[in-house]
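Undergrad: Model the placement of chain D on the given structure of chain H, informed by the hints.
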Amino acid sequence: MIHALGAGLLFGVGLWLSGMANPRKVLDFLDVTGNWDPSLLLVMGGAVAVTAAFFRPIIRKKQLSFDKTAVDLPLVAGAALFGIGWGIGGYCPGPAITALSNLSAEAFVFVATMVAGGLLARIWPSSPGR
Amino acid sequence: MANFTPVASLIGGVLIGLASVWLLAANGRIAGISGILHGLFAQPPGDRSWRVLFITGLVAAGFAWHAFVAPAPVREGFGLGWAAAAGLLVGFGTRIGGGCTSGHGVCGLGRFSLRSLVAVMVFMGAGMATAYVMRHVL
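So the protein lines, in turn, are chains H and D.
Its first residue numbered 7, the first sequence is counted upward by one per residue in this note's numbering.
Its first residue numbered 191, the second sequence is counted upward by one per residue in this note's numbering.
If you're looking for bench data, these hints aren't it; they were derived computationally from the structure.
Owing to the predicted nature of the structure, the values given are computational and were not obtained by experimental measurement.
Think of the CB as a built atom: it goes at the ideal place given N, C-alpha and C, for glycine as much as any other residue.
One or more hints might be untrue.
Computed footprint of chain H on chain D, listed as stretches where at least three residues anywhere in the stretch have a Cβ under 8 angstroms from a Cβ of chain H [to be verified]:
#	region
1	252-262
2	300-309
3	316-328
Looking at chain H on its own, in the form it has when it is part of the complex (with noise of 0.2 angstroms):
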């Protein structure tokens, strides 16, 4: 369970390292017609080169499976609302829970929304269990 404490830490700290609890920067990224900043390309980059190197050994290990692999509409109508929501904060859901420490009044209300928006996918037809 310590591991789950240490995970979170590590995670967040990457996160604000990078920048990407910074939405600000985070915007810079996603409007390519700005002043454009691609240093979240390199946060994602750095980041799959580790999983890639590391997940398929544990999961071969640890005999994981998932289930899920169909590539249909929740999926696409889902990362389309999800990505629209994105692009009016500059905040995923990561960022957003670490934000919560700057106390400040939108880290709050964007939270609170978000869990709302996942009870609220309840009345979606096929909403996962996840």
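TA: Just chain D now, kept in the frame of chain H:
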């Protein structure tokens, strides 16, 4: 590109990747933040304790960062109505789409999932289009 921070961003990304590997190796869990958050409110209640601990670590990292490295960023002119609209869309979208930047991005791409690759392309595209509209049209 005066705001480009390649070294810090690359190292930060590596730390995010290592944290994801840590959670998978120790707990057999995918570090998808939206999934961890939504799972807190799942009915019937299941494995909440590791989710609470991970989220606690995530928030504690922010407090530590502000105390020892840099003050919390302040943003002016971002209305709470926009924050609420964005939060609803992100919560709803990540729930039906089964993941976000971490679950589909960092973890999904790391295990070469086609489903996650499609999700990443869609939310990146939608995010870029929306950021353009917010900054240059509205």
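Undergrad: Confirm or reject each hint.
TA: Hint by hint, here is what the structure shows:
1. 252-262: holds (count 8)
2. 300-309: With 8 residues close enough to chain H, the hint holds.
3. 316-328: Check passed, 11 qualifying residues.
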